[in-house]
Each structure stands twice: as structure tokens, then as C-alpha cells.
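Enquirer: Sequence:
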Amino acid sequence: MNLEKVVFGFFVVLAATLNFGFFLGDIDNPALHNPYELFAAVVVNLIATVLKFGDRTQIGAVHLATSLVADLQLIGAALVFGYAEYVSTAGMNPSWTASVVSLSGGALLANIVSIVLLVVETVSFHRG
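Heads up: the sequence shown begins at 1 in our numbering, then just goes up one per residue.
Treat the hints as calculated values from the structure; they're not laboratory data. One or more of the hints may lead you astray.
Unchecked claim - Distance ranges between label pairs, derived from CB positions:
#1 Y83 x M1: 25 to 31 Å
#2 N34 x A65: 25 to 31 Å
#3 F39 x A98: 34 to 40 Å
#4 V120 x G25: 41 to 47 Å
#5 N2 x S102: 16 to 22 Å
#6 Y83 x V50: 22 to 28 Å
#7 S124 x G91: 45 to 51 Å
#8 L79 x I59: 41 to 47 Å
#9 L3 x L109: 25 to 31 Å
For glycine and all other residues, C-beta sits at the position ideal for the given N, C-alpha and C.
Taking the hints into account, I'd like the entire structure generated from these sequences.
Expert: The following block contains the structure:
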């Protein structure tokens, strides 16, 4: 068993599950979307991105691209959340919440693509 692959797979899957946990719930209900879970999703996605830098294969490049997309979406979601909560006079209302959750949904899609790539890579490795 390759420990590096285990750690890589762990962070890819953890990034997706944290993001899914934040995304799940009514899109416009701020009470259902925990800001700490969004923060954890951002941090774990950034760690997963760093772990993807060493791979020089074509599938590694696509892994990195999906991770960068997820990072961009989640950082955008965190910035919108911060603006709504601390700058906007309206606070975290349903409109702001929908924007944050939508950005998180885009990151979730990128995370799902990354997991599919991980599974395809694993299955093709065992065939060869």
C-alpha cells in the first residue's frame, strides 16, 4: 500500500464530503449552512491542491485543474460570506446565502470530477 496515495485519496474525498455537507440544505436558509464547515472545506481543498502539484501525468494535470476550480469557487464563497456577514448592512439574508451555496455547488461539481478521476486512475492502474 502506498501511503502517499492513501493521503492523497483521503484529502480528495474529505474535500468533497466537507463541501457536500456545507452545500446540503435549502439554498436560501443561512441556518442550514455552517460557516465553519465552509472554512474547513476551503482549507482541505487547499491542502488537496498542494498534494496534486507533484504529479506530472495528464490525469494529474486534470486533477490539479479541478482542484484549482474548487479552490476558486470556495474562496469566492468565503469572500461573499464574509462580505455579507461583516460588511453588508443586510447581513446573511436568503439572497446572500443562495450566492454562497451556489458557489459551493460549483466547487462540489469540481470535487466530484476529481473523485471520478481518482477512481478511474485507480481502476486503470490495477489493470496494467
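Enquirer: So, for every hint listed, does it hold in this structure?
Expert: Hint check:
1. The beta-carbon spacing between Y83 and M1, approximately 44 Å, falls outside the hinted interval of 25 to 31 Å.
2. Range check, N34 to A65: Cβ separation about 28 Å, and the 25 to 31 Å hint holds.
3. For F39 paired with A98, a C-beta distance near 19 Å fails the hint of 34 to 40 Å.
4. About 30 Å separates the C-beta atoms of V120 and G25, a value inconsistent with the hinted range of 41 to 47 Å.
5. In this structure the supplied range 16 to 22 Å is violated for N2 paired with S102, their Cβ-Cβ distance being about 37 Å.
6. Distance hint check: the CB atoms of Y83 and V50 are about 27 Å apart, consistent with the given range 22 to 28 Å.
7. Take S124 and G91: their Cβ atoms lie about 49 Å apart, and the range 45 to 51 Å holds.
8. Separated by about 30 Å at the C-beta atoms, L79 and I59 break the suggested range of 41 to 47 Å.
9. Checked against the hint of 25 to 31 Å, the pair L3 and L109 passes, with Cβ atoms roughly 29 Å apart.
Of the numbered hints listed earlier, those contradicted by the structure are 1, 3, 4, 5, 8.
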